[in-house]
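Chain residues, written in single-letter form:
2 protein chains.
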Amino acid sequence: MLKDINMRGAMQKMIEGAQDKFCTALSAIDDTPFQEDKWERKEGGGGRTRVLSDGPVLEKAGVNISVVHGTLSEEAMSQMGGGQNAQSREFFATGLSTVIHPRNPFAPTMHANVRYFERGAEDAPEDWWFGGGSDLTPCYLFEEDAQHFHQTWKNICDDSPGADYPHYKQWCDEYFFIPHRQEHRGVGGIFFDNLKSHAPELHFAFIEKIAMALSEAYLPILEKRKDHPYEDAHKEWQEVRRGRYVEFNLVYDRGTRFGLNTDGRIESILMSLPLKARWEYQHQPAPGSHEEKTLETLKTPKDWI
Amino acid sequence: MLKDINMRGAMQKMIEGAQDKFCTALSAIDDTPFQEDKWERKEGGGGRTRVLSDGPVLEKAGVNISVVHGTLSEEAMSQMGGGQNAQSREFFATGLSTVIHPRNPFAPTMHANVRYFERGAEDAPEDWWFGGGSDLTPCYLFEEDAQHFHQTWKNICDDSPGADYPHYKQWCDEYFFIPHRQEHRGVGGIFFDNLKSHAPELHFAFIEKIAMALSEAYLPILEKRKDHPYEDAHKEWQEVRRGRYVEFNLVYDRGTRFGLNTDGRIESILMSLPLKARWEYQHQPAPGSHEEKTLETLKTPKDWI
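Sequence order for the protein chains is A and B.
Letter 264 of the first sequence, counting from 1, is numbered 264 in my numbering, and no numbers are missing.
Letter 81 of the second sequence, counting from 1, is numbered 81 in my numbering, and no numbers are missing.
It is possible that part of the hints are untrue.
Where chains are identical, the list cannot tell them apart; a pair therefore holds if satisfied intra-copy or between any two copies.
Derived pair list, reagent style DSS-like, types lysine-lysine, alpha-carbon separation capped at 27 Å [stated by the list, open to error]:
| id | residue 1 | residue 2 |
| --- | --- | --- |
| 1 | Lys209 | Lys13 |
| 2 | Lys293 | Lys196 |
| 3 | Lys299 | Lys154 |
| 4 | Lys196 | Lys226 |
| 5 | Lys42 | Lys13 |
| 6 | Lys224 | Lys209 |
| 7 | Lys224 | Lys154 |
| 8 | Lys299 | Lys42 |
| 9 | Lys299 | Lys38 |
If you are wondering where the hints come from, they were derived from the structure by calculation, not from laboratory data.
With the hints as constraints, model all of the structure from the sequences given.
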C-alpha cells in the first residue's frame, strides 16, 4: 500500500498547484490580490492561507492548503469520515479547502475541498483514505447555474474510474443539510469521504481533476452574475442566507469541528464564514418571490442533469 | 420531595410575571412593542416568545418562556447540567431566557435565564434541579457597568441562603468561554446549574429574585449608553464582536444545543443570535484603542467587586 508513490508528497505538490491556479483566476476577475499567510502548527505541520477580502467582485474568498499531523483526540476521531481500520491515534491530513462569497447577491457562494488522510506512522500507515467535494449555495437560484456546476463534476466523475456521480450527488445533498431548518445548505454538487476502494493513485487522479477544475466549475457562473443589478433588499436576503451558512458550518460541518478540536489555526478554519450574516426573527420571503422559489428548492433537492 | 409546593405551577406563574415585567420596562425605553408568539411543541408543552426587532434603542431583544416535556435523546441528556440521579429519560423543563442586543455599540448585550428541570414522571420525579445565570457582553467596556451588573447579582446571592456569588461568578467565567478564541464571551456575571442542595423552595426563591431583577441589573447600563455617539467603525467592531457571540452560542452553548437536539422551536432558540454579525479575516484592534483594552479584559477575567 502506497509503495509506488509518495502520496504525502504528491498531495502537497498537487494542492499547491491548485491553490495557485484558482487564486490567479479569482484575482484576475476581482483585480485584487490575495493576502497570503504561511503558518505552522505547534503539534506538527502547517499551511498556506490565502484570503481576498472586500474586493469589488469578491466580498470574502479563501483558498487554503494545509499539511498537518499529530495525535487525535477522541472527539476529533469521531469527526473523521474514515480510519476505522486504524488503532493508532497518530494522523496525517492534507488538503485544499476553498469558500468563495461574492458580493453580488445573485452570484452564489461556492465551496470545494479535496483531502487525504493517513492514520499511523508514516513508514507503517494503518489506514488511508481520500475525501472531498464541492457545493454551490445560491441566495437567488438560476437553474442553469446549478446545471453547469453539476455537469462539470459529473463529467469528471464519469471520466474517473471508481468515481460515482449519482452516489456523490446524493451524499452531498445528505451532508449539506441543516436539520434544525429542514433545509439544505445549497443546491449541492458532489461529496465523498473514506474513498479507498481502489488503488490510491486512482483516487488521487480523481481529486486532482476536481482541484484543477475549480475555475471551470465556478467562474462562468460568477462572470454571469457578478454585475447583476441589485438593491438593499437583495443584499439583506443574502445576509439572511449567509446566516444559514454560518449555522451549518458552526453546528454541523465535520471539517470545521475537526479543526476546532485539533487546535487548528482558527483564522484559517473560520475563513469559510461570510463577511456579514443576519438573523431576523421569523424572516419569511414574500409568496411567489424569487427568494421563496429558491428556498423551496433548498428544501427539496432535485436532479440537475 | 416537592410535596409542599407544586413547583411546575409555581415556576410557570413566576416566569410569566417576570417576562411581563421585563418586556414592559424594555418597551418603555424603546417605545416599541414586543411581537408575541405563542407556540406548542409537538412532543409536549410550549411557550411564549416575545421579540422586539429594529427599535431605536434595541436592535434585537428576546424574552422567552417555555414549559416543555418529553423524552430525552442520549445527546440531549449529555447536554443537561443535572439529572445524574435519574434513570428515566422523561423530562420536564421550564424557564425564562432573555438576550438583549442594543443598537448602540457602546451599550452591552445582556443575557439571563432561570430554569427548573425534572426527570421522571410528574407524580414520581427521580431528580430535580434549578439552573440559571446572567452575563454581560460589552463591545466597549466601561468598568462601572460591569461593577453595577456584578453588584446587583452579588447582592441577591448574599441575600439568598445557599447561594454563593464567588462560586457562581467563577462558574460564569468558566462557562462563557470560547476555547478556540481563548476569550470569554463577556465580563461575566453569575452562572449555576444542578442546584438541589437545599429545599426546592429556597432555590426557587433565589431564581425568582434573579428573574425579577433583570431591569435593575441591566436597564441603568442601557440608559447610560444608549445615546452614546458612535460612527461606522464602532458599529463594525460591534458586528465583529457579535460574530464571537454567534460562535459561542452555536458551537458551545448547552442551552442552544439542547434546544436543537430536542426539536425545540428554532426561532425561539435562535432569537439569541444578533441581528448582524461579521467575520473579517484576522481582524485586530488598533494598539491602545478602547477595542483592544476591552479585548484584553475578555481574555483575562477580573474581579469586579
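Evaluation of the provided hints:
1. Lys209 with Lys13: Cα proximity of Lys209 and Lys13: one copy only (14 Å, versus 63 Å across).
2. Lys293 with Lys196: For Lys293 and Lys196, neither the intra-copy (39 Å) nor the inter-copy (51 Å) Cα distance is at most 27 Å.
3. Lys299 with Lys154: Within one copy only: 22 Å inside, 48 Å across.
4. Lys196 with Lys226: neither (39 Å within a copy, 59 Å between copies)
5. Lys42 with Lys13: The answer is within: 22 Å in one copy meets 27 Å, while 54 Å across copies does not.
6. Lys224 with Lys209: within (24 Å within a copy, 60 Å between copies)
7. Lys224 with Lys154: within (21 Å within a copy, 60 Å between copies)
8. Lys299 with Lys42: between (42 Å within a copy, 21 Å between copies)
9. Lys299 with Lys38: For Lys299 and Lys38, only the inter-copy Cα distance (25 Å) is at most 27 Å; the intra-copy one is 39 Å.
Checked against the numbered hints given earlier, the structure breaks hints 2 and 4 and satisfies all the rest.
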